[in-house]
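Novice: Spelled out from the first residue to the last, the chains are:
There are 4 protein chains.
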Amino acid sequence: MSDSVLPLVISAPEPRTLDLIFTSEALARFRAKYRIVESSPEGVAALPADVLAEARYIVGQPPIAPETLDKMRTLCCVFNVESNLINNMPYETLFSRGIHVVTTGLVFAEPVAELGLAMALNLARDIVDADLAFREGKELWGGDGNRKARLLSGADVGIIGFGDLGRALNRLLLGFRTRTRVFDPWLPPSILIENGVEPATLDRVLSTSDFVFVVASVTSENQGFLGADAFARMRTGAAFILLSRAGVVDFPALMEAVRSGHIVAASDVFPEEPLAQDHPVRTLPGFLRSAHRAGALDIAFKRMGDMVLEDMDLIDRGLPPMRSKRAERETVSRMRSKPVDKN
Amino acid sequence: MSDSVLPLVISAPEPRTLDLIFTSEALARFRAKYRIVESSPEGVAALPADVLAEARYIVGQPPIAPETLDKMRTLCCVFNVESNLINNMPYETLFSRGIHVVTTGLVFAEPVAELGLAMALNLARDIVDADLAFREGKELWGGDGNRKARLLSGADVGIIGFGDLGRALNRLLLGFRTRTRVFDPWLPPSILIENGVEPATLDRVLSTSDFVFVVASVTSENQGFLGADAFARMRTGAAFILLSRAGVVDFPALMEAVRSGHIVAASDVFPEEPLAQDHPVRTLPGFLRSAHRAGALDIAFKRMGDMVLEDMDLIDRGLPPMRSKRAERETVSRMRSKPVDKN
Amino acid sequence: MSDSVLPLVISAPEPRTLDLIFTSEALARFRAKYRIVESSPEGVAALPADVLAEARYIVGQPPIAPETLDKMRTLCCVFNVESNLINNMPYETLFSRGIHVVTTGLVFAEPVAELGLAMALNLARDIVDADLAFREGKELWGGDGNRKARLLSGADVGIIGFGDLGRALNRLLLGFRTRTRVFDPWLPPSILIENGVEPATLDRVLSTSDFVFVVASVTSENQGFLGADAFARMRTGAAFILLSRAGVVDFPALMEAVRSGHIVAASDVFPEEPLAQDHPVRTLPGFLRSAHRAGALDIAFKRMGDMVLEDMDLIDRGLPPMRSKRAERETVSRMRSKPVDKN
Amino acid sequence: MSDSVLPLVISAPEPRTLDLIFTSEALARFRAKYRIVESSPEGVAALPADVLAEARYIVGQPPIAPETLDKMRTLCCVFNVESNLINNMPYETLFSRGIHVVTTGLVFAEPVAELGLAMALNLARDIVDADLAFREGKELWGGDGNRKARLLSGADVGIIGFGDLGRALNRLLLGFRTRTRVFDPWLPPSILIENGVEPATLDRVLSTSDFVFVVASVTSENQGFLGADAFARMRTGAAFILLSRAGVVDFPALMEAVRSGHIVAASDVFPEEPLAQDHPVRTLPGFLRSAHRAGALDIAFKRMGDMVLEDMDLIDRGLPPMRSKRAERETVSRMRSKPVDKN
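Chains as they are written, first to last, in this note's numbering: chain A, 439 to 781; chain B, 439 to 781; chain C, 439 to 781; chain D, 439 to 781.
In short, the hints are calculated from the structure, not lab data. Some clues are possibly wrong.
If chains are identical, the list can't say which one is meant, so a pair holds when it fits in one copy or spans any two.
[Said to hold, decoys possible] Keeping only pairs whose Cα atoms sit at most 20 Å apart, straight-line, the calculated SDA-like set for lysine to any residue is:
(1) 576 with 754
(2) 509 with 534
(3) 763 with 525
(4) 763 with 533
(5) 763 with 489
(6) 471 with 623
(7) 763 with 633
(8) 780 with 633
(9) 763 with 601
(10) 763 with 629
(11) 763 with 624
(12) 763 with 752
(13) 780 with 579
Just chain A, same shape as in the assembly (with noise of 0.2 Å):
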């Protein structure tokens, strides 16, 4: 086929690249397929006219004004591979236009999900306090070094948010048979009951359970609303694991609550990232961190190519994106997700 009839992409998937989302197969296969013309962010709505006027999709998250979205008249989706949806671009005449705009940060469910879990699993357990121990020659051994310890089987798991995060962590804990009650307002209870989980208030979730896990968006109206009195309502000795954004809670009152020893956390995000050197939540005991790591493995990354793939493949044939999530109209605006500026 003669490269000129393949379909046009406009690739600016900045802070992505196209190595980091693609395997190189897959990127042999991107190029194979389409007319790749790659570009900055910025400089999209500089591209000669008849790039902009035949390019299918875009793989990216650029800046399109609205006199630049006039000129693309074939645009059928735009691949926004960063993942935090940002008000850069006129979202109504998109939708209203049929063009898609869909997000890839499924990639991260899994990933996110497997260190949530193993957060709590440490925190049950103290793994990090006994390892080391282990090298001082301090440590309990057996029931002496269990004073504290609990298990997660059985256990009643409070899910914040349900989501595709949301739903991973569910799946991996299958196996434990928790008693698991999740908050999401944005969704019909009976989704959540088909997924075997038990659709809660807020209040229920924080106060009845041994193990909750924030994965909720920050959206325009949650901001913050884990604070001093959410913790206050959990359970004592309970655990609170952070994995989505730090924006959803008041940081220092979950540190206090740790400091207290009313709760024990995790968190893989923090206020500033990166974290000043001084700031107390690097030594507070009864907290384990990690360093915004969650999602960002190779293998995620590389699943955004395959996403990418398989959907430009539907849209080829007429059918609508089936992998990748939409935007919607309804929360495009709401989202507040400051999207990375790092892999």
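With the hints as your guide, set chains B, C and D onto chain A.
Specialist: This is chains B, C and D only, laid out in the frame that chain A set:
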């Protein structure tokens, strides 16, 4: 009912105690249903002849001489709550007379499996050293901290030994969609297949797994069967998690395999327990340590009492015990796991 | 709250009725939360201008002319409770304006899947004819009656179409440990893999299955796509179970494949419904018949009302509907399943 | 290896035959590994003394007199492939000597469970009579034909007896999300809970279930234990599915409960087999009949041979059998299921 007509139980549970293995509620039921004669293991032989003659159950693993056994004319079951069988009673005679000898080690399966899974996830994500780096202000953010990180989901998993513990571990892996291969020469392949795992040779388990869990008991035949050759066959970077007894591995060879960077490892058991202060495993990078803490949770001990009560109830009704694990004529003499001397 | 400020719903659910799709309790909630204007489908266009202007929801699938739609300035969602989409409203305009069109056919997935599984087991064990023989004193006992009997457990299963119904069927198969292959050109392979089935071509599904379930909707492209060739490729003695619409098969060819003894079959749907009294399928041996009864259970209809209420609640709160299935721009014009004229 | 050193097996499998229970491939392996002495059950006692002395295994359930057993000095295991234990050998002596007596009835669990599930779905959807009506041109279309139809998904299910068959049935129910209650006085409640079912009294199982499956063996204590009272306690319209032995029910009372319209029923077993031509159950509406065909599938018989070979292999290596089910001292004398006289 007059106390004198209650069935008689000789209680000599050392190193356990009745308070360890029964909740207060269960202990009350135990005392209400049975006449309990408490003894030290050594004191059993010297109990009055009528006590021996009337004893229906023994709780514990006291030494029993043939002539003592002769006097125990109504004995139905020995509940070994230490759970490692030692050669201090005439098993052949017990079996010939139809007296059950049962162990309650099943209670440890779930806690040990949870720690084993936690260890695997810790090795996969380097959680301990990442938290230490964070404490010291040296953490690496995002993908920079994930150079060696990998997923358990979808991984090749090997399990050596598929008793209660192997099955508990397999259950916890349910949500991870692993490809799991099992080596257990004491089980027919079809039982492994029914459990959703692939029967495999030891060599295949070692050479095709990303994570190898060792949960086999020590027997007269398998002491030290995992040595330098075994570790050499493992995939580079694979994780070796030892959960049963140090006796099944050549420990120096394991340390060398980790020191060389070929594999990473975690262990809950050690050649000597407690371990010498200057033992080199204490500071070996790539090795995660736990001081025989995997099973010894209070909740596990309390389940022992529940098992004992459930099986006594069955036997009282003329039925065989179904909850505890029965010692077998064929294998009782092969078991070589040292009993614990602390809980 | 004054009735006049309740959101307005135009109700024209024919051939359903509100009493069919709501339990009395749900109907009471519906009436309490909304102002309901009841109409026939044909009457909608003639409703007063203020009713059209204020209507937030339509329940039903009335014909909507572009000029009527223009007057519906606050319409958010059309709840098509018949659930087969017909071309009687300007879908492009609806989508462009961000008005959702949703269907509630999900409610039929579970009942149809159950009947489908029952049909498969009936064909595998010849239950109908065995019971008839028993009535007539001609039954064959034990193995004599099982010459052609076989198991579904462990069998090769093929599913054609993996929408709600295919997934419901796959869930019912969970305990049967089947090897399940799926043909669905509208889905990316990775979604099939996540659901634990193997993506396959139509040819492979047909030629490697012991049981083939057809649950694909009729579209503009697949009418009659299962014909003599398809049946010829099936394994000798395999079972063909048709659950979606007769339009996807060449019915005479299916009957001939059964008549010749090559396969056995079951169907819930027929080329004409009701069927001519002298239609030869009525007496065809090896063919199990059901008169479009698979989905039409009262419990299924009642779940429609629950879905409608859950999604209205989400939309009322500014969120997108999550419970019903949204019609898609790309596929709405391809759907060709005839609407039912009876419940 | 010289044939004379192969372990010796006495084969007297009547009413089975070696060709019934072994595939040709398995039979070849059996003959290659063992010296087979074929006999009728009655002929065993008259076998030469050296054959008796050298026999390691018996395949079958021949009568064995104490004096014959005395001569069998190396016997390790009796493989009862008929699978109903009859009182024709000195079990106490066998057990005392450590000789296993095992049965292979597990092979029937899966086929019987499948038929049981099929029966439940047939009763729920009235499949037999609907097909008959269709043949006669009297079918009712859509909802008109579903007046009494209901779902198994989400239903209350009761299982009486939780041996191999009850567990196989429970596994098939996995995808149906039923609430399942089990009555089995021979098992501790915790084992039922581990299997995801709720331990319950017989009365609770009967009175709270939409579907009751009876899979309990006949014992000396439970003959006819399900009578008019039991049926009266069932929910109106509930389904009673009998899969084990007719001996556990009062059959006339069952028929009366169905005749009165209180319940519907299905049965694979009957008070006399074959059944009198004029037995009223033959034409009883609301009753689905199967002529003891539930288990007797060729694939099930062939699995017997596999089980025998797997367990012989274990015993040959000094291990206990793990695949077949061991007869127990406590219960062997209580079993009362009549052996079959045909396959």
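Novice: Does each hint fit the structure? Answer for all of them.
Specialist: Verification of the hints:
When the C-alpha separation of residue 576 and residue 754 is checked against a cutoff of 20 Å, the pair qualifies neither within a copy, at 63 Å, nor between copies, at 47 Å. In this homomeric assembly, residue 509 and residue 534 come within 20 Å of each other (Cα to Cα) both inside a single copy, at 15 Å, and across copies, at 19 Å. When the C-alpha separation of residue 763 and residue 525 is checked against a cutoff of 20 Å, the pair qualifies only within one copy, where the shortest distance is 17 Å, while the shortest distance between copies is 28 Å. Taking the shortest Cα distances, residue 763 and residue 533 sit within 20 Å of each other both inside one copy (14 Å) and across copies (18 Å).
In this homomeric assembly, residue 763 and residue 489 never come within 20 Å of each other (Cα to Cα): the closest approach is 26 Å inside a single copy and 36 Å across copies. Taking the shortest alpha-carbon separations for residue 471 and residue 623, only the inter-copy value of 19 Å comes in at or below 20 Å, while the best intra-copy value is 41 Å. In the homo-oligomer, the alpha carbons of residue 763 and residue 633 lie at most 20 Å apart both inside one protomer (19 Å) and across protomers (17 Å), since each shortest distance falls under that limit. Taking the shortest Cα distances, residue 780 and residue 633 never come within 20 Å of each other, neither inside one copy (34 Å) nor across copies (32 Å).
Taking identical chains as interchangeable, the C-alpha atoms of residue 763 and residue 601 lie at most 20 Å apart whether they share a chain (10 Å) or sit on different chains (17 Å). In this homomeric assembly, residue 763 and residue 629 come within 20 Å of each other (Cα to Cα) both inside a single copy, at 17 Å, and across copies, at 13 Å. For a Cα distance limit of 20 Å, the shortest separation of residue 763 from residue 624 qualifies both inside one copy, at 15 Å, and across copies, at 16 Å. For the homomeric pair residue 763 and residue 752, the shortest alpha-carbon distances inside one copy (14 Å) and between copies (19 Å) are both at most 20 Å.
For the homomeric pair residue 780 and residue 579, the shortest alpha-carbon distance between copies (9 Å) is at most 20 Å, but the shortest distance inside one copy (42 Å) is not.
Checked against the numbered hints listed earlier, the structure breaks hints 1, 5, 8; every other hint is satisfied.
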